[in-house]
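Asks: Take these sequences, add in the hints, and give me the full structure.
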Amino acid sequence: MKFAIMVNEGPYTHQATDSAYQFAKAAIAKGHEVTRVFFYHDGVNNGTRLTVPPQDDRHIVNRWSEIAAQHNIDLVICIAAAQRRGLLDDNEAKRQGKDASNIAPGFRISGLGQLVEAGIQSDRLVVFGD
Amino acid sequence: MLHIVNKSPFDTGSLASVLRVAKKDGGAVLLIEDGVYAAVKNSATEASLKAAGMPVYVLQPDADARGLQSRLMDGVNMVDYGGFVDLVAGHDNVQSWL
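Those protein sequences? They're chains A and B, same order as listed.
Going by this note's numbering, the letters in the first sequence line up with residues 814 to 943, in that order.
Going by this note's numbering, the letters in the second sequence line up with residues 107 to 204, in that order.
Worth double-checking, as some hints may not be accurate.
As the list claims (entries may be wrong) - Partner residues aside, some chain B positions facing chain A, computed with beta carbon under 8 Å:
#1 Ile138
#2 Glu139
#3 Gly188
#4 Phe190
#5 Val191
#6 Val194
#7 Ala195
#8 Val200
#9 Ser202
#10 Leu204
I should point out that these hints are in silico values taken from the structure, not numbers from a laboratory.
Where a beta carbon is used, it is the ideal one built from N, C-alpha and C, also for glycine.
Replies: The following block contains the structure:
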């Protein structure tokens, strides 16, 4: 079965992103496919590669990048939510005249159409948030 | 439909809304995160969950994290994340009551 996941909450602020990750991991372990994770609202903060948690804490951002690379999951960050919160890829940094980008490996910035598409093309869409 | 509740019933009215409006035919409630507090034995919400008329599932890792292993009401079904996945797959629709 094809699953899509939506994450509406930032890392280290609420359990939502941990729940979403554990769900994705369990779905893959059961032989399902996780096609896309869509990050919206504060959820976009899951995608900054500048995150440096303490060594004894989980690295939420790297965890997403790793599971995406291993299982070909499309990690999509909402562009409007990302720009408000200072999350940029190279193209957007250039377009906005910023001196750096900060998007993590495996993530890409796109629009809400990707959420709609995920809802249409997946068998289930599961939402995690606060 | 699978109704996922992740809030304590003492913080928000999410669970009360589910119990009020959810269609009972084939529906189920899954309590995750702070939502698991609704299933504590002798709590103010125990009676309403028992009267829900649909199966109630509790995400075990979240109940365990809160020290509720031996404090849950009778009649709820414990699931791990794999069970969570099975519940999602087993229902045509999933609604998270954020």
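Asks: State for each hint whether it applies.
Replies: Now the hints, each set against the structure:
1. Residue-level restraint check for Ile138 (chain B) holds (minimum Cβ-Cβ distance to chain A is 6 Å; threshold 8 Å).
2. Nearest Cβ of chain A to the Cβ of Glu139 (chain B): about 5 Å, under the 8 Å cut. The hint holds.
3. Checking Gly188 (chain B) against chain A: minimum C-beta separation of about 5 Å stays under 8 Å; hint holds.
4. Hint on Phe190 (chain B) holds. Least Cβ distance to chain A is approximately 6 Å, under the 8 Å limit.
5. The interface hint given for Val191 (chain B) is met, as the beta carbon of that residue sits about 5 Å from the closest beta carbon of chain A, less than 8 Å.
6. With 8 Å as the threshold, the beta carbon of Val194 (chain B) comes within range of chain A, its nearest partner Cβ sitting at about 5 Å, so the hint holds.
7. For Ala195 (chain B), the interface hint holds, the least distance from its beta-carbon to any beta-carbon of chain A being 5 Å, beneath 8 Å.
8. The closest approach between the C-beta of Val200 (chain B) and any C-beta of chain A is roughly 5 Å, which is under the 8 Å cut-off, so the hint is satisfied.
9. Evaluation of the Ser202 (chain B) hint against chain A yields a held restraint, the C-beta minimum of about 4 Å falling below 8 Å.
10. For Leu204 (chain B), the shortest C-beta to C-beta distance to chain A is roughly 5 Å, which falls under 8 Å, so the interface hint holds.
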